[in-house]
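J.: In short: position in the sequence shown from 1, add 88, done, that's the numbering used here.
No wet-lab data here; the hints were simulated from the structure. We put the beta carbon where it would ideally sit given N, CA and C, even for glycine. Please note: incorrect hints may appear among the correct ones.
[What the hints assert, rightly or not] Computed list of lysine-lysine pairs in DSBU-like fashion (alpha-carbon distance at most 30 Å, straight line):
| # | residue 1 | residue 2 |
| --- | --- | --- |
| 1 | Lys403 | Lys215 |
| 2 | Lys262 | Lys336 |
| 3 | Lys443 | Lys461 |
| 4 | Lys443 | Lys403 |
| 5 | Lys403 | Lys461 |
| 6 | Lys262 | Lys215 |
[Stated by the list, open to error] The calculated label-pair distances, taken between Cβ atoms and stated as ranges, are:
| # | residue 1 | residue 2 | range |
| --- | --- | --- | --- |
| 7 | Lys461 | Ala332 | 20 to 30 Å |
| 8 | Arg302 | Ala447 | 26 to 36 Å |
| 9 | Val308 | Lys461 | 24 to 34 Å |
| 10 | Ser301 | Arg360 | 47 to 57 Å |
| 11 | Arg302 | Asp430 | 43 to 53 Å |
| 12 | Thr358 | Glu237 | 45 to 55 Å |
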Amino acid sequence: ESDLTPAVTSKISSTILATSRCVVEFELLQKKRKQAGLLQLSFMLRLRYVVPLLVSNLRRGSFIRGVANQESIDVTTLRDPPEILECFTGLDRPAPSTCSSITLRALALLPAFTLGQCATLLLALHKAGAETEVRDLAEGVAESLFHAELSTDDSEGAWRYLEALSFSLPESLKEDESLTHMILGCACEGAEDAPVATICQGLISLLRAGVLSRHVPLVVEQLNLLADRLQGGANPTEVCRLLAFAVKVQRLRQELLPGRFLDNAMTYITARTQQFAAEQLASIVVALWRLEEVLPEFSASVEIIDRLSAEIVWKYSQLRLTPALNAIEGLTSLRHFPALDDPQRLRPVIVHVAKRLHALEPQQVLRLTRVLKWCPSAGALCEPLISVHVDCHRAEFTEDELREL
């Protein structure tokens with residue numbers, strides 16, 4: 089080393105440094121190649137296993153749609169309930185032979201169906217006018233229920249199936265009380281999680297079929313659960329549905345509706361009036377009006393009338409013509425409305441309706457004139473408009489209507 093000149097020593101050092109850099113770069117390159125290889129391998133595996141599965145599913149969906157578009161359907165190609173429903177409900181006007189073959193295929197796969205899927209198929213067959221197939225499917229479902237071959241842990245589906253039967257085959261609910269009781273049992277099991285609207289429609293279907301009075305204990309149990317919903321987690325839409333349902337029940341059998349049902353409903357509405365949309369408020373007013381008619385001991389309080397009328401006046405511009413007229417007539421028909429002692433309260437809503445007299449039918453014009461006595465200032469504005477409207481459309485009114493006007 090002592091014989092080496094500084095220039096040579098410098099050159100050796102630079103060579104060693106360059107070599108080290110080359111080694112490091114080579115190792116990095118090898119590492120990148122290895123990672124790239126693994127990524128490529130992973131990508132190839134995805135291509136090999138995932139893509140065919142995805143393509144298979146896409147092709148299956150296209151295949152089902154293709155099957156539904158054919159005049160003659162080979163139902164053996166439909167593998168499960170969702171494919172059967174997708175195929176059949178996609179047909180605009182299924183041929184009788186198609187209805188028959190679809191029903192046979194559904195019966196063959198019936199243990200795989202839920203009651204909700206049975207309801208969908210039953211309504212689709214009813215819509216297609218396939219009465220024989222509707223009866224066959226309903227009999228198959230009943231037999232599967234009695235032999236415990238069909239899943240019964242579908243509360244929402246059971247309510248929907250009751251509704252479907254009431255539309256398509258109401259006599260089955262009347263003739264076979266044990267079947268109705270069994271479906272109701274499935275519906276009530278786990279009803280706490282079923283949508284309020286579905287439960288209401290299911291109970292209304294019993295009303296429609298004329299068998300509600302045969303299952304009073306179960307119905308009362310559900311009404312108590314619905315009363316609890318009103319106290320807990322119901323939303324404004326559900327409250328409106330429950331009130332409309334209460335009117336229907338009261339008209340049939342007054343003793344069915346628990347007292348706390350209406351108490352909880354009134355508490356909810358009073359506390360959350362501002363959460364309701366304009367047309368929901370109108371429907372509540374109509375329901376209260378009907379309840380006062382069918383239930384003599386019930387009357388809406390002055391407080392709830394005050395809150396409802398104030399909120400309707402605030403949101404009147406969102407009301408369509410018929411709901412606005414319903415709201416005015418309903419409010420003025422409530423027993424305690426005069427206790428508000430505010431003749432100007434409904435003036436904005438009345439004027440809102442009167443401005444669109446041209447769109448009112450003769451009976452609606454009569455309804456409007458009947459409520460004008462509750463708002464003299466609105467009457468002074470509306471009566472000339474009504475007079476001109478009647479003169480221009482006299483031919484549309486009967487003699488009795490003209491006499492009352």
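J.: So, for every hint listed, does it hold in this structure?
T.: Status of the hints after comparison with the structure:
This hinted pair does not check out: Lys403 and Lys215 have alpha carbons roughly 39 Å apart, beyond 30 Å. The hinted pair formed by Lys262 and Lys336 meets the criterion: a straight-line CA distance of about 20 Å does not exceed 30 Å. Taking the CA atoms of Lys443 and Lys461, the gap is about 18 Å. The hint holds against a cut of 30 Å. Taken as a hint, the Lys443 and Lys403 pair is honoured in the structure, with Cα atoms around 17 Å apart against an allowance of 30 Å.
At most 30 Å may separate the alpha-carbon atoms for a hinted pair to count; Lys403 and Lys461 meet this at roughly 23 Å. A threshold of 30 Å between alpha carbons decides the hint, and for Lys262 with Lys215 the separation of about 21 Å falls inside it, so the pair holds. At roughly 28 Å, the beta carbons of Lys461 and Ala332 sit within the given window of 20 to 30 Å. With their beta carbons about 45 Å apart, Arg302 and Ala447 fall outside the hinted range of 26 to 36 Å.
Here the CB-CB span from Val308 to Lys461 is close to 42 Å, at odds with the stated 24 to 34 Å. Distance hint check for Ser301 and Arg360: the Cβ-Cβ separation is about 34 Å, which falls outside the suggested range of 47 to 57 Å. At roughly 48 Å, the beta carbons of Arg302 and Asp430 sit within the given window of 43 to 53 Å. Judged by the Cβ atoms, the range 45 to 55 Å given for Thr358 and Glu237 holds: they are separated by roughly 49 Å.
Hints 1, 8, 9 and 10 from the list above are not met by this structure, while the remaining hints are.
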